[in-house]
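Residue numbers (my numbering), protein chains in the order written: chain A, 1 to 172; chain B, 1 to 159.
Calculated directly from the structure, the hints in this document are not laboratory data. Note that the structure is predicted; figures quoted are calculated from it, not measured. Don't take each hint at face value.
Claimed, not checked - For each label pair, taking beta carbons as the anchor points, the in silico distance ranges come out as:
no. : chain 1 : residue 1 : chain 2 : residue 2 : range
1   : B       : Arg-22    : A       : Phe-23    : 53 to 59 Å
2   : B       : Val-157   : A       : Asn-26    : 39 to 45 Å
3   : A       : Lys-6     : B       : Leu-121   : 21 to 27 Å
4   : A       : Lys-2     : B       : Met-158   : 35 to 41 Å
Stated by the list, open to error - Taking lysine to aspartate or glutamate pairs in the EDC-like style, the calculated list, with each CA pair at most 16 Å apart, reads:
no. : chain 1 : residue 1 : chain 2 : residue 2
5   : B       : Lys-133   : A       : Glu-158
6   : A       : Lys-159   : A       : Glu-71
7   : A       : Lys-104   : A       : Glu-71
8   : A       : Lys-30    : B       : Asp-21
9   : A       : Lys-105   : A       : Asp-164
10  : B       : Lys-133   : A       : Asp-164
11  : B       : Lys-129   : A       : Asp-164
12  : A       : Lys-163   : A       : Glu-71
13  : A       : Lys-105   : A       : Glu-63
14  : A       : Lys-104   : A       : Glu-41
15  : A       : Lys-105   : A       : Glu-71
16  : B       : Lys-101   : B       : Glu-60
C-beta: ideal position from N, C-alpha, C; glycine also.
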Amino acid sequence: MKMLLKYKYSIVWIIIMIGLYFFNNNLGHKAYRITVSNIKEMLLFLPAIFILVGLLDVWVPKETIIKLMGEQSGIKGFVIVLLLATVAAGPLYVAFPIATMLLKKGARLAHILFFLGAWTSTKLPIALYEIASLGLKFTLLHIAISIPAFLLIAFIIEKIVPKDSLNMIHEK
Amino acid sequence: MNNPILYLIILILLTVSFIKDRAKTKKALLKAWKSFTNILPEVLSIMIFVGILLAILSPETISQLIGTQSGLLGVITALLVGSITLIPSFITFPLAATLLKAGAGYAQVAAFVSTLMSVGLITLPVEIKYFNKRTAILRNGFSFIVAILFTIVVWQVMN
């Protein structure tokens, strides 16, 4: 019963999908196919990321994270999170557990918010894909505008939101 | 980074970790499993919702909405559609290239791609669970503004 309750939204959406199938066979089948392929992609990605986060969590000491991206890390810290986001892979929701793990270990909130911003624009595999599909000029404009803007946003949100108000769940 | 390389790295790290400290490795895996099962209900419902949404909002429909001569209305539609949906990047870029070929301007494509990557209304519940309501809403709101800014620049420079 507890299990069913946890998955109540999924169950509702599945019922809606079945409804869609009876309303329009084609659409329902298509929705099913897209869902299955998305879930496959997610199942290929998420467990790997969580194992990585788990390993980092137990092996990397708090002091290291504080030194690399804590309150005192300054510009060096921003460069480190930018590099981290650049070599990353996967959709944004993959970045959330990494971000909260780093926050828990003492990373500064502005650095982590910038990390999320960079994740959405400078990831190398994605940027290469973007260049191939939309051109170098487009991609360079995208990065050149996003990076300074997200840096500014990181400072603004840090000013508004106190770090200790964050949930920072990742294993509860 | 593709999946085989990712898993190879994980496997090597796990092996090294296991050799060095079995208890710590077990703890890491337990944490990983807890995090995974903790977020799975949300992620799963998002996946099913996106499946239904994308079935209705097919690439053909999207290119009709933000295709040829769609102008400012096309830009606004692209910003909104991009903010709501969640499309894997291996679909996003071919789709964006197709949109360009189908006659959409760079501005519409910029609006679509930038909001797709940085604004996620569908993933908002997950983001709130990890951070909190205020942070999640602020991050998405500001990212939306950045997407508009990027779209305006592309419109001026590339169209």
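Numbers of unmet hints, in rising order: Of the numbered hints given earlier, those the structure breaks are 4, 8 and 14, listed in rising order.
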